[in-house]
Amino acid sequence: MNKAILSVLGKDQPGIVAAVTGVLFAQDCNVENVSQTILQTEFAGIFVFSFSDDLSLEILENELTAKLQPLDLSVHVKLLHHQKRPSTFPESEPFVITTKGPDRKGLVAGITEVMARHGVNITNLQAVFKGGDEPGNNIMIYEVDVPVDLDQKILENELRQRAKELLLEISIQHRNIFEAINRI
Amino acid sequence: MLTDREILSTLEMLKSENLDVRTVTLGINLLDCASHDAEKLKYKIHTRIAHFAEKLVFVCEQIGQKYGIPVVNKRIAVSPIAVVGAAMSSSQLVDVAKTLDAVAEEVNVDFIGGFSALVEKGIARGDRALIEAIPHALTATNRVCASVNVASTRAGINMDAVLFMGKAIKQAAELTSDKDGLACAKLCVFANIPQDIPFMAGAYLGIGEADAVINVGVSGPGVVKKAIDRARQSDSKLDLGQISELIKKTAYKVTRVGELIGREVAERLKIRFGVVDLSLAPTPHVGDSVGEIFQSLGLVSIGVPGTTAALALLNDAVKKGGAFASSRVGGLSGAFIPVSEDLNISKSAREGFIGLDKLEAITSVCSVGLDMVAIPGDTSEDTIAAIIADEMAIGVINHKTTATRLIPVPGKKAGEEAFFGGLLGQATIIPVNNAKGANHFIRHGGLIPAPIHSLMN
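Keeping their order, the protein sequence lines are chains A and B. Just so it is clear: in the first sequence, position 37 is 37 by the numbering used here, and no numbers are missing. Just so it is clear: in the second sequence, position 187 is 187 by the numbering used here, and no numbers are missing.
Note that these hints are calculated values from the structure, not bench results. Here the structure is a predicted model, which is why all the values come from computation and not from measurement. Hints are not guaranteed to be accurate.
[Unchecked claim] Beyond 10 angstroms from chain B on every Cβ pair, some chain A residues (computed): (1) GLU32; (2) VAL34; (3) GLU63; (4) SER92; (5) ASP145; (6) ALA180.
[To be verified] One-sided excerpt, in silico: chain B residues whose CB lies under 8 angstroms from chain A: (7) MET1; (8) ASP4; (9) GLU6; (10) ILE7; (11) LEU11; (12) LYS66; (13) LYS253; (14) VAL257.
A virtual CB, placed ideally from N, CA and C, is assigned to each residue, including glycine.
Hey, can you work out the whole structure from these sequences and the hints?
Below is the structure:
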């Protein structure tokens, strides 16, 4: 069995997932993972699926496009190579980094530049900018994996320094605390 | 994946509602340090404590930083010194207290508890020496805390010990008269003292405990108050059953924090984890007060009629939430009402909403007792002993822990202010009514027998 990943992007409306999975089912594909989200009015979804050797991905993509284009949705399909998570990902600990502060351009770029330089991998990012100077209206939540061999003190100092430059209030906490408090 | 609501509500608790871990207390067993030679005893105590506590502060700070939750106090509790130093004289025990103080400073903990004796049924030689040493020991040291258990549901009330403590408290106050009787703020008299309290001044390591153990005291009155305020704002028709449920949920969250941090500190220090004490412990800061919770519940002030019922609800809900959050609950676990350490309670005392009588009444439903209560300096030792006896009776009969931390402030009268500084705060001196004349009842001495329900077997 081969695996592929497809992404769907476009205006949110009822029936998108049904349309995508309908085509996949008709082509005897098996959906393994799905993640979807909605930002403002836009839908984004990614599907990992397995398919048999005699299916051409090109044909599949054409079929999906034919079905989704009228709905104002774009689709992209890509073959997944057989590999587990690359060994270049070092052992890591999950942290949650939260920033609050007045809205301006370059906030995400500024913070993530520091993370990228230290090999910190973002596993989930939620950013809500309602605009204006009210800090509570402009929040970024990064769930990240911090390599265990990284000097966390240095990372933290650099993040705090960058946040200060961007006029952001920053919190850096191990993920366990959120789970301990909120989940049974 | 965490939801943004989970993350933001947690941050709110930490940033603006004063959620913290109030204390990580390292219990250290000193029983095998006992010696007839005072120098050897002090050397062994010093070495033992320094060995176990060397990294305590460093590890607590590291873990606190990892989770973004401050561990406010790092403390040590040791085996009762009356047992460890049973062979010592009273003046030698004062020197032992100085050793404890020195090693506490060395490892940078703010308090060390365990200058203690357990005398609920009788006073042994070492106990007598220790109680006699308490006033001088607490005057000569900064970080040492003392506690004496004078009563238990199983043994009754040792009235000789009660009177003895009245005398010790009076003497401790006189010796520190230049600091408003500060020594008394480090001295608790208990009924049914638990073996694993992490909070001061009552912390000591029980005889039945291991070589070393980490106990954690969580807090969070600010978190509970804000939760009630928020809920009442969004639904003004909340009934008390629903409020109790809300407090339970909040206590659950607070306790989970303590458990997580305590376990990790214990693991890093390679010391076993003991208990989480899920108490609502105030500090003299705005927004970190148990007293304010009463106002959020709709009372004008702590002390007015309705206070006892409100505290009963609060204390019970805290316990239920906490017990669900941790299977290792111990210590005092409930709400503290230390008058001087809580801005709001202190204010209520100043404005006359709460007096000694109401304080005593509400100790029947809270976790401790007459805590950090400043009384006039001319209160006699008989009267102090009598107040202790009343408080002990509440504990013994109701099968609960009660305690007193009374400070007869030398040279000051009711209505004046006493200043203790730092976490100990300041308080208006509360009048003691009906305190004139000798108290023959107290002077009878002997043992008030254990109540009938002590016969449980």
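Structure-based check of all given hints:
| no. | hint | in the structure |
| --- | --- | --- |
| 1 | GLU32 | 18 angstroms, holds |
| 2 | VAL34 | 14 angstroms, holds |
| 3 | GLU63 | 31 angstroms, holds |
| 4 | SER92 | 14 angstroms, holds |
| 5 | ASP145 | 13 angstroms, holds |
| 6 | ALA180 | 4 angstroms, violated |
| 7 | MET1 | 5 angstroms, holds |
| 8 | ASP4 | 5 angstroms, holds |
| 9 | GLU6 | 4 angstroms, holds |
| 10 | ILE7 | 5 angstroms, holds |
| 11 | LEU11 | 6 angstroms, holds |
| 12 | LYS66 | 5 angstroms, holds |
| 13 | LYS253 | 5 angstroms, holds |
| 14 | VAL257 | 6 angstroms, holds |
The structure fails hint 6 only (numbered hints given earlier).
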